[in-house]
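What follows is the residue order along each chain.
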Amino acid sequence: MALTAAEQERYSRQVRFHGIGSEGQDRLARSSVLVLGAGALGSAIAETLVRAGVGRIRIVDRDYVEWSNLQRQNLYSETDAEQRLPKAIAAAQRLRSVNSSVTVEGIVADAAAEEIGEYTVGVDLILDASDNFEIRMIINDISAKAGIPWIYGACTGSSGISMTVLPGESACLHCLIDELHAEGDTCDTVGIIQPAVQMTAAYQTTEALKWLAGQKDSLRGTLVSFDLWENRHVSVATEQLKRADCPSCGEKPVYPFLSATNLSKTAVLCGRDTVQIRPARAVLLNLELWEELLAVHGEVRRNPYMLSLELEKHRIALFPDGRVLIHGTSDTAVARTLYHRYFG
Amino acid sequence: MQVQLNGKTTLLSEHCITIADVLAESPWSGRRILVEINGEVVPREAYGRTSLSEGDQIEFVHFVGGG
Numbered sequence: 001m002a003l004t005a006a007e008q009e010r011y012s013r014q015v016r017f018h019g020i021g022s023e024g025q026d027r028l029a030r031s032s033v034l035v036l037g038a039g040a041l042g043s044a045i046a047e048t049l050v051r052a053g054v055g056r057i058r059i060v061d062r063d064y065v066e067w068s069n070l071q072r073q074n075l076y077s078e079t080d081a082e083q084r085l086p087k088a089i090a091a092a093q094r095l096r097s098v099n100s101s102v103t104v105e106g107i108v109a110d111a112a113a114e115e116i117g118e119y120t121v122g123v124d125l126i127l128d129a130s131d132n133f134e135i136r137m138i139i140n141d142i143s144a145k146a147g148i149p150w151i152y153g154a155c156t157g158s159s160g161i162s163m164t165v166l167p168g169e170s171a172c173l174h175c176l177i178d179e180l181h182a183e184g185d186t187c188d189t190v191g192i193i194q195p196a197v198q199m200t201a202a203y204q205t206t207e208a209l210k211w212l213a214g215q216k217d218s219l220r221g222t223l224v225s226f227d228l229w230e231n232r233h234v235s236v237a238t239e240q241l242k243r244a245d246c247p248s249c250g251e252k253p254v255y256p257f258l259s260a261t262n263l264s265k266t267a268v269l270c271g272r273d274t275v276q277i278r279p280a281r282a283v284l285l286n287l288e289l290w291e292e293l294l295a296v297h298g299e300v301r302r303n304p305y306m307l308s309l310e311l312e313k314h315r316i317a318l319f320p321d322g323r324v325l326i327h328g329t330s331d332t333a334v335a336r337t338l339y340h341r342y343f344g
Numbered sequence: 001m002q003v004q005l006n007g008k009t010t011l012l013s014e015h016c017i018t019i020a021d022v023l024a025e026s027p028w029s030g031r032r033i034l035v036e037i038n039g040e041v042v043p044r045e046a047y048g049r050t051s052l053s054e055g056d057q058i059e060f061v062h063f064v065g066g067g
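Residue numbers (full-length UniProt numbering), protein chains in the order written: chain A, 1 to 344; chain B, 1 to 67.
Since the hints were derived computationally from the structure, they do not count as laboratory data.
Accuracy of the hints is not assured; some may be wrong.
Unchecked claim - Covered stretches of chain A (chain B as the covering partner; in silico rule of three or more C-beta atoms under 8 Å from a C-beta of chain B):
no. : stretch
1   : 31-42
2   : 125-139
3   : 158-166
4   : 185-194
5   : 228-236
For each residue, glycine too, the CB sits at the ideal point set by N, CA and C.
Please take these sequences and the hints and turn them into a complete structure.
If you want it as structure tokens, here you go:
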């Protein structure tokens with residue numbers, strides 16, 4: 001299919017670029033992507049891909065726009081924050097106004113394995129813009145099972161990291177890590193600057209453009225990690241870490257993160273206006289370290305059995321086995337948002 | 001022993017022989033990281049048997065979680 005005159009004009013600078021050309025642009029227009037998360041990375045990624053002229057984009061998020069998002073989440077306005085619009089809705093509106101020729105689908109959902117599996121149907125590429133490792137491991141398993149590539153990306157403070165996972169070819173995220181426990185350094189605990197978001201998103205979207213435009217040979221092939229404040233940049237070849245016995249992408253895959261037993265459990269505690277989140281595997285947390293980490297948010301009370309504090313008007317209790325109680329809500333999506341915001 | 005740890009000249013204590021020893025004493029202990037020595041990535045299971053030498057360039061790459 002040849003580009004129309006209007007498309008030739010609109011995408012002229014990108015078509016002129018040697019890596020894309022008319023053929024690449026045409027491929028982009030016929031491609032379909034899934035962006036999981038509409039926070040800082042999701043905003044930056046979605047805007048770039050929509051401006052670049054992908055055919056279809058589906059963007060999923062469980063959260064709503066708040067004032068503290070506006071410093072870095074470039075799709076949102078003060079009006080969105082005032083109205084507390086769901087991010088997926090506000091993002092879809094903005095994206096449609098940026099490029100009306102792209103089919104944009106915004107989905108408000110606290111997506112787990114089953115839903116994400118449904119969202120990937122017909123998709124050429126999955127972009128990770130999520131805020132926790134459990135979702136990333138689910139994406140990783142879905143990618144391996146369905147044979148759809150995905151691009152991992154994450155950032156906090158002034159640093160970021162990205163890796164492209166090609167099922168059946170590259171190492172997957174599970175080959176590299178198998179720890180899902182909370183580490184506590186999230187954008188809400190250690191902060192983040194916008195350039196770290198933009199740099200991470202730039203790595204992710206450049207890889208996306210290469211893949212969607214049919215330039216597979218140009219993919220980076222390494223894991224990239226940087227810290228813009230410390231002026232550090234590391235690129236790591238990961239092919240030798242690909243494991244034949246990887247439970248997600250190895251010779252006998254079992255896709256462990258598509259099974260509920262390997263995921264954290266969320267339960268509403270009846271009559272208590274409280275949600276409990278329990279990690280898949282019991283861990284042994286050092287409450288003293290967590291007290292230090294959480295002290296920036298207010299007074300933390302600690303005894304040998306638990307610590308508690310107030311976060312965003314919710315009383316939170318953290319137990320040494322990793323269990324967290326979030327009081328003042330019976331909405332699991334609200335509770336999971338708070339959990340991932342402060343515990344990772 | 002003196003090494004370059006994430007780009008900074010670092011003096012390791014005497015009992016730091018392997019990567020596992022260095023990790024145990026560092027804030028990276030128990031975290032999601034990938035280790036590279038002199039440009040070669042080291043599999044997790046080899047941390048305890050990978051000895052360090054004077055001047056090694058060690059990178060602890062942290063899998064951060066935010067987004």
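Here is how each hint holds up against the structure:
no.: 1; hint: 31-42; in the structure: holds (count 5)
no.: 2; hint: 125-139; in the structure: holds (count 6)
no.: 3; hint: 158-166; in the structure: holds (count 3)
no.: 4; hint: 185-194; in the structure: holds (count 4)
no.: 5; hint: 228-236; in the structure: holds (count 4)
The structure fails none of the hints (numbered hints given earlier).
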